[in-house]
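**Student:** So you can see what is in the structure, the chains are spelled out below.
There are 2 protein chains.
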Amino acid sequence: MNKGGLTDFSRLCIHTITTKPWNIEEAAENYSKAGVKGISVWREILEGRDVIKTGELLRGNSLEVVSLVRGGFFPSISSGKRTKAIEDNRNAIEEAAFLGCPMLVLVCGADPAQSLEISISQIKEGIGVLLPYADEYNIKLAIEPLHPMYADTRSAISTLSQANDLAEYFNSPLVGVVVDVYHLWWDPDIERQIARCGANGNLFAFHICDWLSPTKDMLNDRGLMGEGCIPVRKIREWVEKAGFTGFHEVEIFSIKHWSEDQYQFLENIKNTYLENS
Amino acid sequence: MNKGGLTDFSRLCIHTITTKPWNIEEAAENYSKAGVKGISVWREILEGRDVIKTGELLRGNSLEVVSLVRGGFFPSISSGKRTKAIEDNRNAIEEAAFLGCPMLVLVCGADPAQSLEISISQIKEGIGVLLPYADEYNIKLAIEPLHPMYADTRSAISTLSQANDLAEYFNSPLVGVVVDVYHLWWDPDIERQIARCGANGNLFAFHICDWLSPTKDMLNDRGLMGEGCIPVRKIREWVEKAGFTGFHEVEIFSIKHWSEDQYQFLENIKNTYLENS
Chain B
0 MNKGGLTDFS RLCIHTITTK PWNIEEAAEN YSKAGVKGIS VWREILEGRD
50 VIKTGELLRG NSLEVVSLVR GGFFPSISSG KRTKAIEDNR NAIEEAAFLG
100 CPMLVLVCGA DPAQSLEISI SQIKEGIGVL LPYADEYNIK LAIEPLHPMY
150 ADTRSAISTL SQANDLAEYF NSPLVGVVVD VYHLWWDPDI ERQIARCGAN
200 GNLFAFHICD WLSPTKDMLN DRGLMGEGCI PVRKIREWVE KAGFTGFHEV
250 EIFSIKHWSE DQYQFLENIK NTYLENS
Chain D
0 MNKGGLTDFS RLCIHTITTK PWNIEEAAEN YSKAGVKGIS VWREILEGRD
50 VIKTGELLRG NSLEVVSLVR GGFFPSISSG KRTKAIEDNR NAIEEAAFLG
100 CPMLVLVCGA DPAQSLEISI SQIKEGIGVL LPYADEYNIK LAIEPLHPMY
150 ADTRSAISTL SQANDLAEYF NSPLVGVVVD VYHLWWDPDI ERQIARCGAN
200 GNLFAFHICD WLSPTKDMLN DRGLMGEGCI PVRKIREWVE KAGFTGFHEV
250 EIFSIKHWSE DQYQFLENIK NTYLENS
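Chains as they are written, first to last, in numbering that gives the first Met the number 0: chain B, 0 to 276; chain D, 0 to 276.
If you're looking for bench data, these hints aren't it; they were derived computationally from the structure.
Beta carbons are placed, not taken as given, at the ideal position from N, Cα and C, and that holds for glycine.
Where hints are given, some of them may not hold.
Said to hold, decoys possible - Simulated coverage check for chain D against chain B, where a stretch passes if three residues somewhere in it have a Cβ under 8 Å from a Cβ of chain B:
| no. | stretch |
| --- | --- |
| 1 | 141-149 |
| 2 | 157-165 |
| 3 | 174-188 |
| 4 | 224-232 |
Can you build the whole structure from these sequences, using the hints too?
**Tutor:** What follows is the structure in structure tokens.
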């Protein structure tokens with residue numbers, strides 16, 4: 000019936016942004032009741048909150064805190080903004096530590112006013128400056144390559160190959176990569192690059208959703224697994240073949256799904272996770 | 000003032016879709032009066048017209064017909080649709096010949112209902128079936144890799160590396176590739192892949208425009224050269240270093256620019272072409 004499919008929710012994690020209408024108490028309680036085992040926390044949802052107590056709340060609901068999302072955005076033509084970005088990333092590392100979360104996801108950034116090469120060199124510099132702080136708090140930094148349609152402002156790192164290069168450059172147990180099916184599914188090199196980060200111990204996280212056809216919005220029109228054209232299960236198999244044993248993190252930005260009843264949406268996440276991941 | 004810049008319009012070509020509000024008589028007359036030397040013809044604009052006479056009209060306006068846009072769209076889960084696509088491509092080759100145009104641009108297609116691998120194998124099969132017809136009419140087939148955001152339906156060929164692989168597979172003087180800055184600017188491998196197709200005699204065409212930041216529409220929000228973040232001049236230099244001596248084809252789909260006065264838009268194309276290409 001469900002050949003090669005998943006049979007339980009022991010590795011299912013949800014990003015809080017996926018159920019954006021819920022505050023973190025609602026997310027924690029509802030994920031937990033639904034049998035979801037992991038939660039990845041978007042920083043926005045922590046605003047104005049006691050981060051340590053929030054971590055306790057999540058663990059009190061039997062949720063493992065998988066990652067804090069997101070740091071990064073290192074590049075800028077303005078040196079002042081680059082300095083501010085470093086400060087913000089230091090805060091993010093502290094937040095992760097207070098939350099009891101082992102990993103910070105880096106959306107590395109880009110500035111359309113300068114070349115991709117310069118943006119990439121600023122990303123490299125930024126991670127280098129950040130690494131001692133990450134080490135101090137023992138927080139992993141996970142470089143997430145983003146879809147090339149975000150190369151102007153969100154990430155000069157567009158391929159897993161580039162993210163692998165960067166992670167290998169630092170050669171640290173605290174620097175690795177995120178494989179997100181949405182960003183990478185089109186890449187003819189993806190299987191090989193997944194094997195590469197796996198072999199190097201750099202495969203830190205795995206994000207799932209789907210690419211809708213047609214996609215109506217460049218940011219907020221992602222689909223549930225199976226709603227689109229990404230071979231999510233095949234990519235999961237590659238990721239596991241590469242030695243990954245971590246959570247499968249559902250990260251869906253969707254104006255459509257956010258407008259639905261979130262309890263039903265959560266059920267749909269669970270069903271499509273088993274059927275299509 | 001304009002270091003490394005272009006100084007005349009001897010290699011400027013415009014795609015008819017760029018000035019969509021104009022019919023082909025208007026495009027021909029206005030491009031010609033503006034000193035533009037080449038025209039690439041979108042098939043839609045030929046509908047219901049005598050193609051041979053249209054070719055004469057273009058040449059009568061001192062325009063070189065650079066390419067016919069577009070064939071392709073080979074993949075489908077339906078074998079009937081694949082057969083129809085081949086028929087349509089044969090028609091396109093005939094149209095190119097009647098128009099007196101040496102090249103057909105291929106937007107290769109993809110079907111979200113099947114894997115990219117299957118779509119690519121159907122593209123390969125389609126070009127193979129088409130090649131004897133292209134040979135009969137002496138029409139070049141130019142494979143255009145499209146931006147990965149179009150991998151679901153428009154092109155399973157997302158990188159210049161993939162297009163180069165495909166062109167080299169056919170090893171024919173009639174099969175080559177298109178370098179379009181819009182589709183490829185983000186690719187860390189672009190300079191090397193441009194050198195590769197140049198060295199193999201497979202660099203058939205060069206398309207320019209710009210990537211707006213932010214981009215508001217995935218299809219129809221391209222910018223004039225210099226309006227966005229693509230290093231158009233740098234890429235042109237790579238293309239010329241690779242031995243390319245053909246036209247620089249301006250291909251801009253833009254709801255915004257189409258709504259402007261097209262005479263002023265044409266002047267803006269000329270100015271930004273010199274300033275930023």
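**Student:** Now look at each hint and say whether the structure bears it out.
**Tutor:** Hint check results:
no.	hint	verdict
1	141-149	holds (count 3)
2	157-165	holds (count 4)
3	174-188	holds (count 4)
4	224-232	holds (count 3)
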